[in-house]
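> Residue numbering for the sequence shown follows our numbering, starting at 50 and increasing by one per position.
For the record, the hints were derived by calculation from the structure and aren't laboratory data.
For each residue, glycine too, the CB sits at the ideal point set by N, CA and C.
Please note: incorrect hints may appear among the correct ones.
Stated by the list, open to error - Taking CB as the label site, the calculated pair distances span:
#1 Asp274 to Leu153: 58 to 64 Å
#2 Lys82 to Asp274: 15 to 21 Å
#3 Gly154 to Ser236: 47 to 53 Å
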Amino acid sequence: MNKPQSFFHLHLISDATGETLLAAGRAASAQYKDARAIEHIYPLIRTEKQVAKVFEDIEEEPGIILYTVVDQKLARGIDERCATMGLPCVSVLEPVLTVFQSYLGTPAGRRVGAQHVLDAEYFRRIDALNFTMDHDDGQLPANMDDADVVLIGISRTSKTPTSIYLANRGIKTANIPIVLGVPVPESLVSASKPLIVGLIATAERISHVRQNRILGNSSSYVPTDYVDRAAINEELAYARQICTRHGWPMIDVSRRSIEETAAAIVALRGKTR
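Could you put the whole structure together from the sequences, leaning on the hints where they help?
Structural data, given as structure tokens:
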């Protein structure tokens with residue numbers, strides 16, 4: 050018998066965007082299936098006045114506090130307020146910085162938002178994102194050799210969100226839909242640079258996702274065929290046939306998150322380089 054789900058408040062205080070904290074908090078929360086976090090995110094907290102305002106909110110809805118604040122005076126203030134209130138409090142980056150300092154023999158520079166600096170890597174990610182948006186769903190198929198990765202698959206195999214996730218890591222990603230009986234573009238077959246990966250899933254999974262999709266008014270498909278599992282199995286068989294013929298690896302996304310699929314693709318890139 051399942052336990053009733055409980056809720057708790059999770060306060061995330063950051064002197065930058067809060068992305069690091071959010072990822073850490075959600076990773077920890079995911080380990081507790083019977084407890085759900087109500088997230089309170091406080092980004093760009095860099096003054097004592099801002100910290101005081103945050104704790105006014107925390108007093109109203111006390112819970113766990115995680116923070117990433119490189120200013121040590123502000124960090125001490127957060128620790129002291131939490132101790133006074135009797136609330137658990139963790140500086141997420143501090144243990145990591147301690148290990149780095151011990152190994153490298155020099156203290157951290159304590160730069161706020163250092164991971165978001167507008168350097169060459171940042172602009173590489175922006176370039177990759179622009180490329181990916183321009184090459185979504187089979188657009189601009191002529192220049193596939195400019196891509197780092199090309200994802201192919203039938204409708205509802207998470208090609209677009211996976212492409213965007215990879216682009217945010219600086220990987221230029223195009224995606225091309227596979228339609229039953231329609232050959233893939235010749236430019237894809239002749240491409241030599243990109244890693245080409247087929248995304249597949251079970252017919253049950255795809256049918257479920259398609260049923261929950263708001264269908265448009267296009268007459269290019271028959272709605273009953275679109276969600277019919279026998280028809281989907283034909284589409285999947287055709288997709289597998291294409292990938293096998295060309296020696297393109299396939300990833301089953303049925304039980305994978307977008308992040309897990311992207312990680313598998315990155316691992317494949319490492320093996321093929």
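> It remains to establish, for every hint, whether it holds in the given structure.
To see whether the hints hold, each was checked on the structure:
no. : hint                         : result
1   : Asp274 to Leu153: 58 to 64 Å : holds (60 Å)
2   : Lys82 to Asp274: 15 to 21 Å  : violated (37 Å)
3   : Gly154 to Ser236: 47 to 53 Å : holds (52 Å)
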